[in-house]
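Protein sequence lines, in the order shown, are assigned to chains A and B. Residues in the first sequence are numbered from 1 upward in steps of one, following UniProt numbering. Residues in the second sequence are numbered from 1 upward in steps of one, following UniProt numbering.
For the record, the hints were derived by calculation from the structure and aren't laboratory data. Among the hints, a few may not be true.
In this list, chains with the same sequence are indistinguishable; a pair is considered to hold if it fits within one copy or across any two.
[To be verified] In the DSSO-like style, the derived pairs of lysine-lysine whose C-alpha atoms are separated by at most 27 Å in a straight line are: (1) K190 to K98; (2) K57 to K98; (3) K57 to K127; (4) K190 to K101; (5) K164 to K127.
Protein chains: 2
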Amino acid sequence: MDAHIKPVELEKAYRLLNHGPTVLVSASHGGVRNVMSAAWSCALDFAPPKVTVVLDKATATRPLVEQSGFFALQVPNMAQLELTYNVGHASMTDMPDKLQKFGVELFQADGYDVPLVAGSSAWLICKVIPEPRNEQVYDLFIGEVVAAYADTRVFNNGHWEFEKADPRWRSLHYIAGGTFYAIGDEAVVKT
Amino acid sequence: MDAHIKPVELEKAYRLLNHGPTVLVSASHGGVRNVMSAAWSCALDFAPPKVTVVLDKATATRPLVEQSGFFALQVPNMAQLELTYNVGHASMTDMPDKLQKFGVELFQADGYDVPLVAGSSAWLICKVIPEPRNEQVYDLFIGEVVAAYADTRVFNNGHWEFEKADPRWRSLHYIAGGTFYAIGDEAVVKT
Numbered sequence: 001m002d003a004h005i006k007p008v009e010l011e012k013a014y015r016l017l018n019h020g021p022t023v024l025v026s027a028s029h030g031g032v033r034n035v036m037s038a039a040w041s042c043a044l045d046f047a048p049p050k051v052t053v054v055l056d057k058a059t060a061t062r063p064l065v066e067q068s069g070f071f072a073l074q075v076p077n078m079a080q081l082e083l084t085y086n087v088g089h090a091s092m093t094d095m096p097d098k099l100q101k102f103g104v105e106l107f108q109a110d111g112y113d114v115p116l117v118a119g120s121s122a123w124l125i126c127k128v129i130p131e132p133r134n135e136q137v138y139d140l141f142i143g144e145v146v147a148a149y150a151d152t153r154v155f156n157n158g159h160w161e162f163e164k165a166d167p168r169w170r171s172l173h174y175i176a177g178g179t180f181y182a183i184g185d186e187a188v189v190k191t
Numbered sequence: 001m002d003a004h005i006k007p008v009e010l011e012k013a014y015r016l017l018n019h020g021p022t023v024l025v026s027a028s029h030g031g032v033r034n035v036m037s038a039a040w041s042c043a044l045d046f047a048p049p050k051v052t053v054v055l056d057k058a059t060a061t062r063p064l065v066e067q068s069g070f071f072a073l074q075v076p077n078m079a080q081l082e083l084t085y086n087v088g089h090a091s092m093t094d095m096p097d098k099l100q101k102f103g104v105e106l107f108q109a110d111g112y113d114v115p116l117v118a119g120s121s122a123w124l125i126c127k128v129i130p131e132p133r134n135e136q137v138y139d140l141f142i143g144e145v146v147a148a149y150a151d152t153r154v155f156n157n158g159h160w161e162f163e164k165a166d167p168r169w170r171s172l173h174y175i176a177g178g179t180f181y182a183i184g185d186e187a188v189v190k191t
């Protein structure tokens, strides 16, 4: 694992998603690994940390999540803008070499089989909490975050440092039709 | 209703939330109206549009949502930075005049009882889709968007126009401890 990547305390893992970034969802099963992007992912609880993510029945990633019981969410950044768009708009079903074609490099964290996307800003490894009704009716999956990591060049000591980091580390917030917004300036309320 | 506020087509309502803003959640029942902020709200479906929002059992807004069956999500902006922080950190239970104290001005859209927060960038009026298990176990509420509106000074013809609008219209993305980020620059992938 890259020396810049450090574990994030589980009780602070919600902060990785709290600002609503578009995420990359990765999973593997039976030797097949895949990555898709998802704008519809959200924190659900602080401790133990939980998340939601919407996985359409047409995606090739969803069966890997269902069969393995694990997925990872990663927070991509401006340096991954095209990668994030591309893995969300081409399916492995139609393009079996999708990951290779789009330059997705994978790595693993000790103790977990789920593939992680290199070059991201943060990673949350999640164990599916089975909720069959949500999954079938709403395509909504709930996961408990069992491990979290961040690149210390942009998230350090429990805090995003977008304002100090190079702009390539800014998180991505997708709208539609290829249009994203990068996260912007910090605004602090005196408490 | 302010002349700048126009309806948003329901099939494009997801775009109001797709970039993951912190939202204001409003509801009313039996003459009581309340507003809270929530970072954990997310689009769930395109058509009919649906959303999720996490409403803790300790909030004073939750029983209003449960009793009326409706809530509104609004997308606040930099001009509402302190308001957004304040309504999320003081409960009507402890501060009955919370809305007055924090300068929250409410209005209504024709045909709906749910109160809307003036000065926001966008509004989604939602009808609760009852899912008792989600509500009890996860504090997770699902709503179908039945009407949506936006201020045309920042969302026009189905598109956010943050790059053209005054910076006070930028959406807010909460992290923790009074720290928000404003949404930043547009980044477009050629499709």
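Quiz item: Which hint numbers doesn't this structure obey?
Solution: 5
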